[in-house]
Amino acid sequence: MKVGIVIFPGTNCDMDTYHALKIVGLKPVYLWHKEHDLKDVDLVILPGGFSYGDYLRAGAIARFSPIMREVVDFANKGGYVLGICNGFQILLEAGLLPGAMLPNITNSFICKEVYLEVLNNNNFFLRRYSKGEIIKMPIAHKEGRYYISQKELEELKENNQIVLKYFGENPNGSIESIAGIINKRGNVMGMMPHPERAVELFLGSQSGINLFLSFLDEE
Amino acid sequence: MKKWTVILEIFLKDGIFDPQGKTIKDALHNLGFKEVEEVRMGKVLKIDIYGDNKNEVFEKIKKMSEIFLANPVTEDFNIRVEEE
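As given, the protein sequences belong to chains A and B, one line each in that order.
Counting along the first sequence from 1, when you hit position 54 you're at 468 in this note's numbering, and nothing is skipped either side.
Counting along the second sequence from 1, when you hit position 7 you're at 979 in this note's numbering, and nothing is skipped either side.
Derived by calculation from the structure, the hints in this document are not laboratory data.
If you're wondering where the values come from, they're calculated on a predicted model, not measured in any experiment.
You may find that some hints are simply not true.
Covered stretches of chain B, going by a simulated chain A footprint (3 or more residues, C-beta under 8 Å) [stated by the list, open to error]:
no.	segment
1	988-1002
2	1030-1043
When the alpha-carbon atoms are kept at most 30 Å apart in a straight line, the in silico BS3-like pairs for lysine-lysine are as follows [said to hold, decoys possible]:
no.	chain 1	residue 1	chain 2	residue 2
3	A	Lys565	B	Lys985
4	A	Lys556	B	Lys1035
5	B	Lys1034	A	Lys448
6	A	Lys448	B	Lys1006
7	B	Lys985	B	Lys1015
8	B	Lys994	A	Lys526
9	A	Lys526	B	Lys1035
10	B	Lys1026	A	Lys556
11	A	Lys579	A	Lys545
12	A	Lys436	A	Lys453
13	A	Lys441	A	Lys565
14	A	Lys491	A	Lys565
15	A	Lys556	B	Lys1015
16	A	Lys565	A	Lys545
17	A	Lys565	B	Lys974
18	B	Lys994	A	Lys448
Glycine included, each C-beta is placed from N, C-alpha and C at the ideal position.
With the hints as extra help, turn the sequences into a complete structure.
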């Protein structure tokens, strides 16, 4: 599978993501935000960071970057898109996923390891995990309090779109402890935790590796 | 075309917890201002813009707010157009 990593001004997890993909044997390409060419990739990753300094709202400006028009088209045609942290925020702002991010309930930047529960593994991204599996990954964000209207929350639940929840402590005040969601079609996923920072034991966890390994298999 | 100054206020929707507002309210209580019931902290944008009339400017800022400046999921906004 050919994977593209989008770089916005302020993105800072591009190399970590590249490294995680390299570990599983993939050779990703970088996609500059000003380009309109997705270079025939099969999967687009919007990595973490602080695109445009998080000005206005996290992800609010990046969603209007030139390449996002292509990413939205790609997603609407069924292409796989994964947003990690700031990438998740961008997907929400772009309307590819429902809901929005608010500043953490603690009103502070939170950088620490958290436990997550895999609620739905019946999708392309999380199929190498088991349902109910508890995994460990770091979070590092200031705007990670996921919010969605009650009506849309019910829809998320009905359609099994809540894929990852914080387990035990809810660090940022997200509604229903939501850490990651997927769209109805199952091709666009966003998550606040950083799987790319949990791919080797010396990083403290290998919980993220199965996500990247899932990009190896034939669909 | 005339030049206008627009003050755009953006607040989290009622019912959405605003940690900054809560922290400020607690500080005010500590300072003895116990009468303070609630504080909400929002954003203010001052936008200088050219336009033929007030209504046209208002509608333009409303459109900007709906598609970009405010997030309709979490935020409400208020527009004040003033002639320069």
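Verification of the hints:
1. 988-1002: This one holds; 5 residues, not fewer than the three required, reach chain A with a Cβ under 8 Å.
2. 1030-1043: holds (count 3)
3. A:Lys565 - B:Lys985: Given pair Lys565 of chain A, Lys985 of chain B holds - Cα atoms ~16 Å apart, limit 30 Å.
4. A:Lys556 - B:Lys1035: Cα-Cα ~28 Å, so holds.
5. B:Lys1034 - A:Lys448: holds, 27 Å
6. A:Lys448 - B:Lys1006: Roughly 52 Å between the alpha carbons, so the hint for Lys448 of chain A and Lys1006 of chain B is violated.
7. B:Lys985 - B:Lys1015: holds, 13 Å
8. B:Lys994 - A:Lys526: holds, 24 Å
9. A:Lys526 - B:Lys1035: Since the Cα atoms of Lys526 of chain A and Lys1035 of chain B sit roughly 39 Å apart, the hinted pair is violated (cutoff 30 Å).
10. B:Lys1026 - A:Lys556: Roughly 38 Å separates the two Cα atoms, so the pair is violated.
11. A:Lys579 - A:Lys545: Cα-Cα ~12 Å, so holds.
12. A:Lys436 - A:Lys453: holds, 18 Å
13. A:Lys441 - A:Lys565: Status violated; Cα separation ~41 Å.
14. A:Lys491 - A:Lys565: holds, 26 Å
15. A:Lys556 - B:Lys1015: holds, 17 Å
16. A:Lys565 - A:Lys545: Holds, because 25 Å separates the two Cα atoms, which is no more than 30 Å.
17. A:Lys565 - B:Lys974: Violated, because 44 Å separates the two Cα atoms, which is more than 30 Å.
18. B:Lys994 - A:Lys448: Not OK: Lys994 of chain B and Lys448 of chain A at ~40 Å, beyond 30 Å, violated.
Of the numbered hints stated above, those contradicted by the structure are hints 6, 9, 10, 13, 17, 18, listed in ascending order.
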